[in-house]
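Let the sequences and hints guide you as you build the complete structure.
One-letter residues, chain by chain:
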Amino acid sequence: MTMKKLLFISIILAGLFSCTDLDVEVYHDIVGETYFKTERQVLSAAGPAYTSLKGIVKPEGVWGLNVLTTDIMLIPTRGSHWYNAGIYQRFHKHEWTTEEGDINAAWNFIYTGVSNCNRPIYIYLQVEEITPALISVMNELKALRSFYYFVALDLFGNVPLVDRYDVPEEYAPVNSSRQEVFNFVEEEISEGTSVLNNSVDMTTYGRFHRYAAFTLLAKLYLNAEVFTGQAMWDECIEACDSVINSGKFSLADDYFENFLAENEGSPENIFVVPYDDVEAVDWGGPGMFQLHLWTLHFTSNLTYDMTEGGWNGMCAMPSFYKSYDTTDIRRNAWITGLQFSSSGDTLYCNQEKRGEPLIFTVDITSLEGSFEDEGARWVKYDYTGARNMQLKNDFVVFRYADVLLMKAEALMRKNGGSATQEAVDLVNQVRARAFPDFPDKLHTISTLTLDALLAERAWELSGEGWRRNDLVRFDKYNDPCDFRPIAADDHYNLFPIPQDQRNANPNLTQNPGY
Amino acid sequence: MFNLKQNLSMKKLLFFKNARGSNNLKKALIIIKLSILLLSINLIYITATGYTHSDLLTEVKQEVEIKGTVTDANTGEPLPGVNILEKATQSGTSTDQDGNYTITVSGPDAVLIFSSVGYLSEEVDVAGRTTINLTLVESIEALDEIVVIGYGSVKKRELTGSVASMKEDDFNQGVFSDPVQLIQGKVAGLSVVRPNGGDPNSGFEILLRGSSSVKGSLQPLIVVDGIPGGSLEAIAPEDIESIDILKDGSAAAIYGTRGTNGVLLVTTKKGQRGKMQVEFSSRFFTERLLNKIEVLSADVYRSVKEEWDQSDNISKVNKAASMEDYGYNTDWFDEITREPFSHNQHLSLSGGSENTSYRLSFDYLSQEGILLNSSRKDYKVSLNMQQLALNDRLMFNTQLGMTNSNYHPVDYNAVRQCIKRNPTQPVYNPDGSVFEVPGWQNDNPVGILTERSDDKKITRYFVNLGADLNITEALKVGVLTGLHIIDSLGGYYQPSYSFPQETAGTYGRAEREMYAKSVTTFESVIEWKKQLSHHNINIIGGYSYQDFIYEGFEASNTNFVTDEVKYNYLGLGTYLTEGSATMDSDKKQSRLIAFFARGAYNFRGRYFISASVRREGSSKFGANNKWGTFPAVSAAWDISNEDFMSAFDIQMLKLRAGYGVTGNEGLDDPYVPLIRYGYEGRFYYEGNYIQGFGPISNPNPDLKWETKHEYNIGLDWLILNSRLGGTVDYYIRDTKDLLELYDVPKPPNLHDQTWQNVGSLRNSGIEFSINAEPVVREKFNWRFDFNIDYRKNKLLSLSNDYFTLEGRNLGDIGPPGVEAWTHRYEVGKPLGNIHGYVFEGLDSTGGWIFRDYDPVNDTSDGRINVADRDVVGNGIPDLYMGLSTTLRYGNLDLTIMCRGMFGQQIINAKRIWYDNPSFLPDNVMKTALDEDVWDEPDFSSYYVEDADFVKVDNITIGYKLPVKNIGWITAARIYLTGTNLFVITGYTGVDPEVSIRGLEPGNDNRFDYPSTRNFMVGFNVKF
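So the sequence lines, in the order shown, correspond to chains S and P. Taking the working numbering, the leading residue of the first sequence gets 1, the next gets one more, and so forth. Taking the working numbering, the leading residue of the second sequence gets 515, the next gets one more, and so forth.
It is worth saying that the hints were derived from the structure and are not from the lab. Everything numeric in this text was worked out from a predicted model, so none of it was measured. Please note that a few of the clues may not be correct.
[Unchecked claim] The calculated DSSO-like cross-link candidates involving lysine-lysine, where the alpha carbons are at most 27 Å apart (straight line), are:
{"hint": "1", "chain 1": "S", "residue 1": "K353", "chain 2": "P", "residue 2": "K819"}
{"hint": "2", "chain 1": "P", "residue 1": "K830", "chain 2": "S", "residue 2": "K353"}
{"hint": "3", "chain 1": "P", "residue 1": "K891", "chain 2": "P", "residue 2": "K1080"}
{"hint": "4", "chain 1": "S", "residue 1": "K353", "chain 2": "P", "residue 2": "K1440"}
[Claimed, not checked] Now the stretches of chain P that chain S is said to cover, found in silico as 3 or more residues with beta-carbon under 8 Å:
{"hint": "5", "region": "1194-1201"}
{"hint": "6", "region": "1252-1262"}
Using N, Cα and C, we set each Cβ at its ideal position, and we do this for glycine too.
Have a look at this one:
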């Protein structure tokens, strides 16, 4: 016994635990593609396609691009607030660049949604025994995907079309033409109108059912001339009729019933994105409905018994607010004047006008230097009792009144831009509700011009996210307006492909003019 | 009972390939126990089989007892704790507190080696004597001093890599919290910065040789008594014997994936065999503001209001109208600060018998911060025990420790509110409650500090068990097992009467948060060393296993019926039933496994070469890249040992060169490369909300560590009878495969960014240090240490064939008004660049004039936009300096330590808002009344200031009490220490010492903790 033996023992000692296993447990996250087994799990895979839809209401994304760049709303710089590196001034003046974070956010909203549809569709195709429930969800996801692509078609035009999940590694798609994207959406959504669930009740609430598909189709055809150069008014009318003749929707008696905190009872809302401040609190998630905070003053929470004060940002464009007929009940979607708490105490400014009573004025000083109390605030949705920094009202994407106005527009356009009695009747259905006591405010064939129809759409649909789309179709998007004295170039009708995206994928070509 | 065969089969049993997951803690404990058991079994086996090899049992012959006293050559004072070793037998003893020793040697021709930290070792021939009295010479560069280099140690003379060694004598004095402060300003290339002023709950930022990574960790690896990944916070500064710093890649490569940012090897004090020694030290200290931000007093505020009311300038009239006079005179700084009193007590007991030695220490720290209610209390207990067996061939090492830290941090927002708060407002209402005015971000700072409870208790436990066996003189084997556990429990409460609760209309918010971390370590090393005439060889090989587990839980609730229960009765709130309470839990695991080897060879002590390699795998990385290899090689030539040098009075002249590869594990999240599904919000499904699940990140199975290649050349020299020495080092460190989040096309990717390894970064620099003892007299002694280093860094690339990135903007000045980035990192430029508008002047009304020029497109377009931003400074210093000098005269000593950093710029963010009268009616700085600027706040070069500084950081005056006549006291010393005393700088802010690390260095923002001067009185007694 000797050296050798000792050496041997030592080697055993040292080598004893020479384990080389690096496979650790993954506790907090669920790993791999094998997760989806039970029906509930399979359904949960569809979840992200809908949860990412919640981002539609973000002012620093799609909603902002569709509203804050138009002639109805803006965010002026107020004292030391809301300069935000000039983005809202550039939005208003149509001077945005390819590097705007908000435009990139809109792109990401669209393609997160597309990917979140592609992936479950791929997963479902791997499921061995595909059930009718799965087929139904799959159809729904295809329709939802075409909605995301509609937003892309509208905002960016020439975008990459990716409709599958199992793409090769390092795949970098190229842009498709706007026509190709249009064709894709048309084909997919047309298919959807025959296979999607046609019941309209709690089982399809907040989901892409058959009438959501018809409304989307109507939107697509209404804008077909913009998208492809080829007008499709008859197809638009047909799609509108499918909604109108179904008998499943009607105008709510009270315009504001559609925007209540609990607005799921509205007979008029066709497709909504549901939000909830308890069931679906979404800190850091895809989206929170916060438009109340963006518009209300820091102290306005006392008016609406909200747990958090507002951020005092956006307000009505003065000329737009003034364009309302003073008897139009839809003007109540805005508040002006001296502000009170819910118990009747006067509210006071607390920023650059600290100590003065808080009076929301209609006029604002300038885009670059306004004050905390300026501008009418948007209160179309009921904000009462809002908490957790989010609204629980469901955000309305498609509404019956919009369908009526779309059909009226298609009829007029088909008629060379002049009203027909049918168009007048359709518009008056909507207008009658806004002026219950003033039948003289209704339109006639002679008063209902295309401009009058555009104005009607602005009053009816304020803040619902369609203003940019409407203005582009009427070729007025870049016209001068308050604080934008000179018309902007037409290339602003489309947003640029965000530079971040082009950096990540050099195969993407930029839209003309940028 | 046992035989070798059975041992072998146990190997299989213990091969815990299947040891997974949840039981790992238990298993770790079993492993610890088994490894000790096994070691013992082997030894029992050795002895039980009648092992009588002459290597193990030395024949006893002609034993001689030798006595003597060891004294300091300069002072003549007895030296306790000197190790005395018989060269042939390795048996030894040490001197007692009077410097006396007794040793039994094997014969009259024995050779004794006397060694003590900080002294030159002596080899003495017994030559038949029975009394040997000796004097040891203190040395600034004790060449025989042992330097710990990771899995081993070498004599300083034998070093081939760039390693700095700091012993107790070198340490800064008056250090009571974080031991890293012991070496602040002492080591060239190592910067230790305190970014959060005097906050007792905030520590130091350590950076060695610059930022070696963009997104990965920059923290040096800390190895405490051989266990990698330790935390300095768990150790009382007075329990530390030495800190050795592995600076270059050739030295740090033995630590593989964690070596990139350098390695700090901490060795704690062990017991000395012999009579029990008791040491007690006590210190008391207070703090004062280093600088105060001068704001308008109430009287000035009122007079400005009156004056501007009469002005013909409409903006002044408007301002005056908005300035309200509440009728009080409040100095908000006085209201939020106090004169804190803190103290620290340390007691240690050490001693031992022939085969056992121990050291037990207790430490208590009670620290008050200068801001009201910020405080900290620490209790630390540790036990170090060594047990020798088998004729001192086997040594068991046991370390047990527990520290309990109670943190009470405060919200730095108090400082911001304190600056801007209207000085005419009262602090309290007549009823004693805090006076509040509704408004956005407008909290009473006294309320912020006094009304909220923020308590965090962190308990750290550690158990290390090790055993070293000298199988033969040449062959040694060691095992080390460790279990470290950190438990944290935090509670936060905002009472119903606090401002945020009143604003929200809720009645109290409580949060509870806890986590448990555990690190299980097993390491084994075999070492073989041999001296064959002039050839010295040393080879080690080893294995390392570390498993890390993190578990966390948190919950909150709101609306309580009473504020009495605070966070101690979470269920009482109503938010839980209302569905608004929050709750979450988390658990993560990662593992590191490595094999390593090192060989060192030297010939005649002149030519040295060392090479090491570590093969390491990390569970954090992608399936295709889990394992990596980290080689290193270094060599040195000690010219002074050449025969032709004998004519010169040069004690050392050594040239070193090394190359080493290290890695950076980087990411905190251990699961990044995997395809993971996570919660994706809830969606409405047939009347109910159900969970959505989706992939939460893009996978990357190729993800791996960043790799750093470092080249280092150095020169060590020592002349004038070892009284003047120094070191010069030059290094280039190239980091490749930088971890960076890249934009990826979406589609097809689900997320728009993926972690990738792309890009490279270069750091280079030169370091000088000089150590001198100009005066060495019996009564008077002067020592002088100086170091200076220059660092440079450049981002070489962020692109490869597939991913391209030119640079990124980051950082955030903050609202209101200034919503712009502060920094930019960009290929071809150094990290830390501050990026903003270029200030060109002010117009007649005090409005900004910024440079309208886009250097990229070479245009000037008539408007100021983001393209006009440019590099306007850099927050990382170029030059770092540290200077310490100690004068001893008799029993008096004086030490002064200064630190300096040069070449950096700082964003003086407080000026952006408070040196601008447009911020009235909020209070502003006195300088705002100069009215040079009168415009909305914006960020430009106007607020970027040069921040070169020199700090007189530590002055200590000590007096050694003459206790020779008091029998029961061996030594006693009293001292006064002042830290952070003076700053010499052109910077106009409070303290130019801000974070210099990472991507956003040099930001002196509004939310901070005041910097303080610290005044301390302390004493040490030894019994």
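Now the hints, each set against the structure:
Using a Cα cut-off of 27 Å, the hinted pair K353 (chain S) and K819 (chain P) holds, with the two alpha carbons roughly 15 Å apart. As the CA atoms of K830 (chain P) and K353 (chain S) are separated by approximately 13 Å, the hinted pair is consistent with the 27 Å bound. Between K891 (chain P) and K1080 (chain P) the alpha-carbon distance is near 21 Å, which keeps this suggested pair within the 27 Å criterion. Among the hinted pairs, K353 (chain S) with K1440 (chain P) is consistent with the structure: their alpha-carbon atoms are about 23 Å apart, no more than 27 Å.
For the region 1194-1201 of chain P, the stated coverage by chain S is satisfied: 8 residues place a CB nearer than 8 Å to a CB of that chain, which reaches the threshold of 3. Under the rule that three or more residues need a Cβ within less than 8 Å of chain S, the assignment of the region 1252-1262 of chain P holds, with 7 such residues.
When each numbered hint is compared with the structure, no violation occurs for any of them.
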